[in-house]
Amino acid sequence: MLVLSRKPGESIVVGGEITVTVLEVRGDMVRVGIDAPRSIAVHRKEVHDELMAANRDAAASPATPLDRLPRPQVERRHGG
Amino acid sequence: MLLESERLGQLEVDEESIITVPEGLLGFEDRTRFALIPADELGAYTWFHAIDDPSLAFLAVVPGFFFDDYAPDLPAGDVTALDLTDPADAQVLCLVTIAGDAITANLMGPIVVNVRSRLGRQVVLPDQGYGAREPLGGG
Numbered sequence: 010m011l012v013l014s015r016k017p018g019e020s021i022v023v024g025g026e027i028t029v030t031v032l033e034v035r036g037d038m039v040r041v042g043i044d045a046p047r048s049i050a051v052h053r054k055e056v057h058d059e060l061m062a063a064n065r066d067a068a069a070s071p072a073t074p075l076d077r078l079p080r081p082q083v084e085r086r087h088g089g
Numbered sequence: 004m005l006l007e008s009e010r011l012g013q014l015e016v017d018e019e020s021i022i023t024v025p026e027g028l029l030g031f032e033d034r035t036r037f038a039l040i041p042a043d044e045l046g047a048y049t050w051f052h053a054i055d056d057p058s059l060a061f062l063a064v065v066p067g068f069f070f071d072d073y074a075p076d077l078p079a080g081d082v083t084a085l086d087l088t089d090p091a092d093a094q095v096l097c098l099v100t101i102a103g104d105a106i107t108a109n110l111m112g113p114i115v116v117n118v119r120s121r122l123g124r125q126v127v128l129p130d131q132g133y134g135a136r137e138p139l140g141g142g
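Same order as they appear, the protein sequences are chains A and B. For the record, in the first sequence the residue sitting at position 62 is 71 according to the working numbering, with numbers rising by one throughout. For the record, in the second sequence the residue sitting at position 48 is 51 according to the working numbering, with numbers rising by one throughout.
Restraint-style ranges between C-beta atoms, simulated for each label pair:
(1) A:Met-38 x B:Ala-105: 30 to 40 Å
(2) B:Pro-138 x A:Ile-43: 29 to 39 Å
(3) A:Arg-35 x B:Asp-55: 43 to 53 Å
(4) A:Lys-16 x B:Asp-17: 49 to 59 Å
(5) B:Glu-44 x A:Pro-71: 16 to 26 Å
(6) B:Ala-79 x A:Val-23: 17 to 27 Å
(7) B:Asp-17 x A:Val-51: 27 to 37 Å
(8) B:Ala-74 x A:Val-41: 27 to 37 Å
(9) A:Glu-55 x B:Asp-76: 18 to 28 Å
(10) A:Leu-75 x B:Asp-17: 19 to 29 Å
(11) A:Ala-72 x B:Asp-92: 28 to 38 Å
Hints in this document: simulated from the structure, not taken from any laboratory. Positions of the beta carbon are idealized from the N, C-alpha and C atoms, including for glycine.
Just need the whole structure built from these sequences, with the hints factored in.
Here's what the structure looks like:
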């Protein structure tokens, strides 16, 4: 892992088009600003990991007959 | 085209039902083409099946059938990436997880499809109060 020291207001450029700026350091909390192209997804790692685990579990779900799954609420359906 | 599926066997899928997901799904980034295969008569359940992997299939729900109040707000970057010029072109699907008796749907990371361009994307909505494993209630 590359380790760099930065002060508030200083930045790091990744791959030429992503800029990570340290905005504020207060106690054990660091506020970071990220400028990246819209095509690049930027998320907190715990969110990324949670969704990755959810996808894996979804893909590994056992085959289940439809009549054992919850029935849709037809009459209350709205756009989805 | 003929789709090979470990869950569903061999089946013919309409080319027009094939969705391109350029970035793949989180954890499955190398699978970028999926077929939408209706799983029930109502259209509440749908298979989201990888074209290039017979073993990769997700059961998904159209959330409006199960979650009355679900109204995700799509971030501008996702709208751009999906080339969504008309909100009416967006179809939202939530992947279902079955683990024992627990049947849940992922409302935090729905799949959004532009039905006009057949582009899809898993959008990430961490701050809208929706969980990745919301119990799938029934009527």
